[in-house]
Every structure is written in structure tokens, then in C-alpha cells.
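As given, the protein sequences belong to chains H and B, one line each in that order.
To convert a position in the first sequence, counted from 1, into the numbering used here, add 79.
To convert a position in the second sequence, counted from 1, into the numbering used here, add 29.
Just so you know, the hints here were simulated from the structure itself, not pulled from any lab data.
Beta carbons: idealized from backbone N, C-alpha and C, even for Gly.
Keep in mind that a hint or two might mislead.
[Said to hold, decoys possible] Some chain B residues near chain H, calculated using beta-carbon distances under 7 Å:
#1 106
#2 165
#3 184
#4 187
#5 255
#6 257
#7 264
#8 268
#9 272
[Claimed, not checked] List time: in silico SDA-like cross-link candidates among lysine to any residue, alpha-carbon distance up to 25 Å:
#10 B:170 - H:301
#11 B:143 - H:421
#12 B:209 - H:121
#13 H:205 - B:143
#14 H:340 - B:144
#15 H:205 - B:88
#16 B:143 - H:195
#17 B:180 - H:196
[As the list claims (entries may be wrong)] Now the in silico label distances, taken between C-beta atoms and shown as ranges:
#18 B:179 - H:385: 33 to 41 Å
#19 H:340 - B:142: 52 to 60 Å
#20 B:232 - H:199: 36 to 44 Å
#21 B:276 - H:378: 17 to 25 Å
#22 H:425 - B:213: 22 to 30 Å
#23 B:280 - H:340: 50 to 58 Å
#24 B:245 - H:425: 48 to 56 Å
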Amino acid sequence: MKITLRELDGTSRGYYLLLGVLALVTAIGMGAVWYIEHNGHIVTGMNNQIVWGLPHVFAVFLVVAASGALNVASMASVFGKTEFKPLAPLSGLLAIALLLGGLTVLMLDLGRPDRLIVAMTHFNFKSIFALNIFLYSGFMGFVIAYLWTMMERSAQRFTPMAGLFAFVWRMALTTGTGSIFGFLVARQAFDSALFAPLFIALSLSYGLAVFLLVLMLAFNASKRPLDAALLARFARLQVIFVAAGLYFVLVFHLTNLYFTKHHDFQRFILLEGGVHTALFWLGQVVLGGIVPMILLMHPRIGELRGRIVAATLLVVGGGFAQMWVTIVGGQAFPLVIFPGRQVSSSFFDGVVNSYTPTLPEWLLGFSGIAIAGLIVMLAMKFLGFLPARLDGAEKQSTQRAAVAV
Amino acid sequence: MTQDTKSPSIQPPKSTSGRRGFLSVAAAGLAGVMIAPGVRLIEIAQAATADTAPSRGASSKVRWGMLIDSGKCASGCTDCVTACNTENGLSGETRATDSQWIRKIEIKEVRTGKTQSLPMMCQHCAEPPCVDVCPTGASFKRADGIVLVDKHICIGCRYCVMACPYKARSFVHQPLSNQKADVPRGMGTVESCTLCVHKVDKGEMPACVSACSDAGHGAILFGDLNDPNSEISRRLASYPSRQIREDLNLNTGVRYSGI
């Protein structure tokens, strides 16, 4: 199939305005990093009870979404869904951009981000964190190679193979991300092998939602036609992905409810956890799960673009809520050292831990999104990642930078 | 047990005469000046420290540990905590962001209301989860079982804080001042009880052990778990004791009795 990929004209004021806003958000985020590193993490809301806060919520969401953003390309190159082929380059681009945005936040929230070189040269291979460094960089490499095979005419015969490698690697990557939590043997909120498949299901959902938002914004802004039937297929996929995420969440909580030792934790998350409970039910389950599924199940969903935008925004919002509940809620529940006994100490043993993120944390988190956005916008403008049209007529359209994917 | 594997009990530091140390420096310096202009200063320094260092490194023949008798630990007494803070240069403040290397936990049996008190700190596990998860290897276990953080390669990711079953680790949230020369700490890195490694290497007791003894409680016994003749080993062999979160099978270096 021949498809025309065309650079954004980039002359519109809207493009430059958005580019400027993203650059500003990035710059402010870097200022926040300087402030945190200069004063120490005391200027964040984090403490010795909740050591991973809002920056991790942003970072893990972006990293999970990154692997999921590759869905569309994988469906085209690995599962033979040719109708998605024109969008495979955008899919790969988004995967790289989201990963870079997420990793930037993760790295800049370190206590010693200046020691990045240490993290790159000292490895403890029993640590899933250390393995993730290889999974991240490998993913980046595989996706770049995959993109190159798509863009370079002479390498196009390697595209299916590169796509397969990238697909396998993204499964490993998200298994690694989920296992950061799954391997925490001592914590009641974690310590479950389910985190790996759960995170893979979530990545499918978050990644497609972000992909659809970017696709619709870019096509709308550059006045390129977009096929309603294609959008309807994406909408149906989104429903399946959201349902898969909810399924794993259901199994996780059902298992915990069966185990008496986890009853206190379940009571906390499901009933008595305050903001965490609210974010779980309202954010993650209702607004981030059930409502978008209902919205997207409309028979003529392909024509209802506003509805698709609303549903995917809800999935993204629900994703942030879910990351909050998982990461922050999991730490807010007091670590059980003496099961079945009441404990108290000067170090907040037995106490529900509180955490209120401060402005610098929000700024750092948003800068991760902005960095991903900047990468996508610049790549679209200068490298031509978007098909010229996707209204079914693309096969006959003029071939300016024709690629076969 | 052969002579070789018999672990040394606490020994005073190997002291060498000042004269010998001086002569080795002088000889190395003189040689450097006279015969090898390119000799690096650091080699001279190494020549000097090789003989005068108090320890030649930790030995796996020893495994340092503690036995804490919660029956002797007095509720409300925090002498061990104060001693730890003083010894290691901690502020002693107890805000959510402050480091606490050792803390007193009051435990209450829900049904009977029976209360107990005990100190909680790094349990110096044989299989430490903090060491498993550390991406750079900054979290490490010495040959003699003491679990430490290498402040030079800790990147401050806090994964070890998440992984520790005992809430024993703290992250340094603010700039530090007036640090103790023997106890390196640093903003943006993680820290925890070092078992007063700087004292142990000189043949002394950890500060909390001495303080508890001075207070007349004697609730903390320190010694070599590998030496069957040490008092801690004999007590562990004679009386019931347990590890906290023994379900995790971490083989902790700190054991408790009376709970």
C-alpha cells in the first residue's frame, strides 16, 4: 500500500501558540527541578512515609502510555491490520515521545539527578529498576529502527521484523514497569504478579487514548480528512482495552478480598481511604472506565468526534487517578510490620500517611507531558509523520513521500 | 570449628606505632622525590594508610547481630534513640521528612490490651530486599552482614525505602550541616542504621547498645552470630526468639525475644 506522509505546514498561529505553551511549561518545569534540587525534597509534599509522589504518578502514566501508544503500529505490522498502516509512524513517534517525557520526570525527581551517569554505569541486575534502564533504552532503539524501516524505502522489507521486535519488547517493558510494584514483597498494597498483566492492559488503554487525542488534534488542526469508519474501529478497540484494564483491577481486588491478611488494605482503598477511595471509585472506575465505555458504544460513534474526544480524555484522567491510587494510595496505607497488633511510634507506624503535592511537583509532572508534546509537534512538522489524508481516498492520492508500511 | 573459621570477638583496633607509620610515609615520599618524579600522591597516601588503618575490611567469618529483649525494654525510654542521634549526627526531630535510624515502637495486643515496647531499626537482613531492588548497587551488604548505603553511588531513587519491610530507611530531604566525620550523609540520598559500623570496626559497641546498658536496661545484646561461643549465640540457642516479619524469610541480623 502506498501512503503519503506529509510534514505539517506549520504556518498556523495555533501550531506556534501550542508549541510556545509547551516550551514554556517545559521551561517552568525545569525551573521547578532546579528549585527542588537546590532545596532538597523538603519543598515537595513527599516525606519518609510517601517517598514516591506526584512526579511518579506522571512518570509512570507516561511510561505505561508510551508502550501502549505503539499499539496501532503493532496492529499494522504484527497483526496484519493494513488499515492502520498509514498511522504506524505516528504510533511509533508517540511511543518514543511519551517514554522520553516520562523518563525525564522520573530522572529529575531523583534525589541526585546529577548522578544519572552513575545509574548508567553501575548496575545491580537483580533490581528491576536496573533492568528497566535496559528495557527503556532497548525500546527506544527498537522503535527508532522500526520507524527507520518504515521511512527508508530500501529497508521496508524489514518493517515486519522490526515491528515484531518492537512489539515483543514493549510487552517486556510494561512487564518491567508493573513489576516495579509487583516485586515489592513487603508492602501490602503491592507484592502481586498481577501488576505486570494489569499494567499491560492499562498501557493498551492509556496508549490508545493518547494516540486518538493526538491524531484527532493533528488532523483537525491541519485540516486533513479522517475516516469515520477508522475512528469507529479505534473507539471499539478502546472499549475493549478499558474493559481489559477493569478486569485486572477486579481480579486484583477480588483476590485481596479473599485473603484475610489483605482485608485492612482493601477496607482502606475501597471504603475508608478518603481521597484515595474517591479517586478509585469516581476517577478510576466510573469516570475513567465505565463512562467512557458507555460513551464509545454508540452505534454511530465514528461520526461523533466530540464524544470520542470526551471519552479518551476521561480514560487519560482515569489513568492518572489509577496511578495515584496505586502509587500514593499504596504508600498511604501504613506498612504492616506486626500483623494483627496496634502499633505507634515517632515514625508514623500504624498511621495513615498523608501527602499533599506541592506546586513544584505539579510543574515537574506537567513538564513531562510538555516534553512529549514538543517532540511530537516538532517531529510532525519536520519529519512528516502524518498521512496526508485518511478518508479512504489516500490510496489514490498524490505520492509525495510515499512509504509502504 | 577450626581455628580459621573461629570468628574474632570484638577486638580493639590494630594499632601500629606512630613511628612506623611515619617512616613508611617518609620512605615512600623520599622514594617518590628521588627516583620516580611521576609517582602519584595518592600512592603515597595509600602507603601511609595501609599500615595505620584500623581494619583491613569486613570478614565473612563474622556476622554481627543483635538480640533485643522486649521484656527488658522500658516503655517511654528512648535512650537508644537519643544515643543514635548523637552518635550519627541526626537532628532528632520527628517530622515526616526527618531521618530516624532507630525508633521505639509501642505494640498493643488488640484483644487483651497488653502493651510492649521495642526499638526498631535496620534488621541487617542476610537477604535484604533493599539490596535486591537498588538499581546501582549503592545498597549493599558487607561481608560481616552489616547493610549499608554507599553514598557515592546512591542516586536517591527511594526504591529501597519502598522495599524495606521495617520502614528502616530514611531519605535526606534537606541540606545537612555539622555532620560527623565518621558518618557520611548527604542530601538526596537514602540512609539507615549502620550498626554504628565506624565503632564496630574499632572494636566498640553500637551507640544504642551502650546507651541501653548505661540506662540499666541491658535490653540490647550485640555480638557475633557466627561464633557459637558468643553470648548472643548462646542466648539464641537457649531461649526462644524471633525475627520480625519472619514470613519473608530474610534471616535478619536483629532478633527479638519476649514478643
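Item to check | Hint consistency between residue 205 of chain H and residue 88 of chain B [alpha-carbon to alpha-carbon, up to 25 Å] | outcome: Given pair residue 205 of chain H, residue 88 of chain B holds - Cα atoms ~24 Å apart, limit 25 Å.
Checklist entry - Given residue 264 of chain B as an interface hint, is the shortest Cβ-Cβ distance to chain H below 7 Å? => result With Cβ-Cβ at 22 Å, over 7 Å, it is violated.
Checklist entry - Taking the CB of residue 280 of chain B and the CB of residue 340 of chain H, does the distance hold inside 50 to 58 Å? => result 22 Å, violated
Checklist entry - Are residue 205 of chain H and residue 143 of chain B close enough, with their CA atoms no more than 25 Å apart? => result 41 Å, violated
Item to check | Restraint outcome when residue 165 of chain B is required to lie within 7 Å of chain H by C-beta distance | outcome: OK, holds: residue 165 of chain B within 7 Å of chain H, min 4 Å.
Item to check | Hint validity - residue 106 of chain B Cβ closer than 7 Å to any chain H Cβ | outcome: 13 Å, violated
Checklist entry - Should the interface hint for residue 187 of chain B be scored as holding, given a Cβ-Cβ cut-off of 7 Å against chain H? => result 4 Å, holds
Item to check | Hint status (Cβ of residue 272 of chain B to nearest Cβ of chain H, threshold 7 Å) | outcome: Violated: closest Cβ of chain H sits about 12 Å from residue 272 of chain B, beyond 7 Å.
Next on the checklist: Quick check on residue 257 of chain B please, does its C-beta sit within 7 Å of some C-beta on chain H?
Outcome noted: Violated, because the Cβ-Cβ distance from residue 257 of chain B to chain H comes to roughly 30 Å (cut-off 7 Å).
Next on the checklist: I want to verify a distance hint. Is the separation of the beta carbons of residue 245 of chain B and residue 425 of chain H within 48 to 56 Å?
Outcome noted: 22 Å, violated
Checklist entry - Would the stated hint for residue 184 of chain B survive a check requiring a Cβ distance to chain H of less than 7 Å? => result Since chain H brings a Cβ to about 5 Å from residue 184 of chain B, closer than 7 Å, the hint holds.
Next on the checklist: Would the hint linking residue 170 of chain B and residue 301 of chain H be met if the CA-CA limit is 25 Å?
Outcome noted: Judged against 25 Å, a Cα distance of about 58 Å means the pair is violated.
Going down the numbered hints, you'll see the structure goes against 1, 5, 6, 7, 8, 9, 10, 13, 16, 18, 19, 21, 23, 24, while the others check out.
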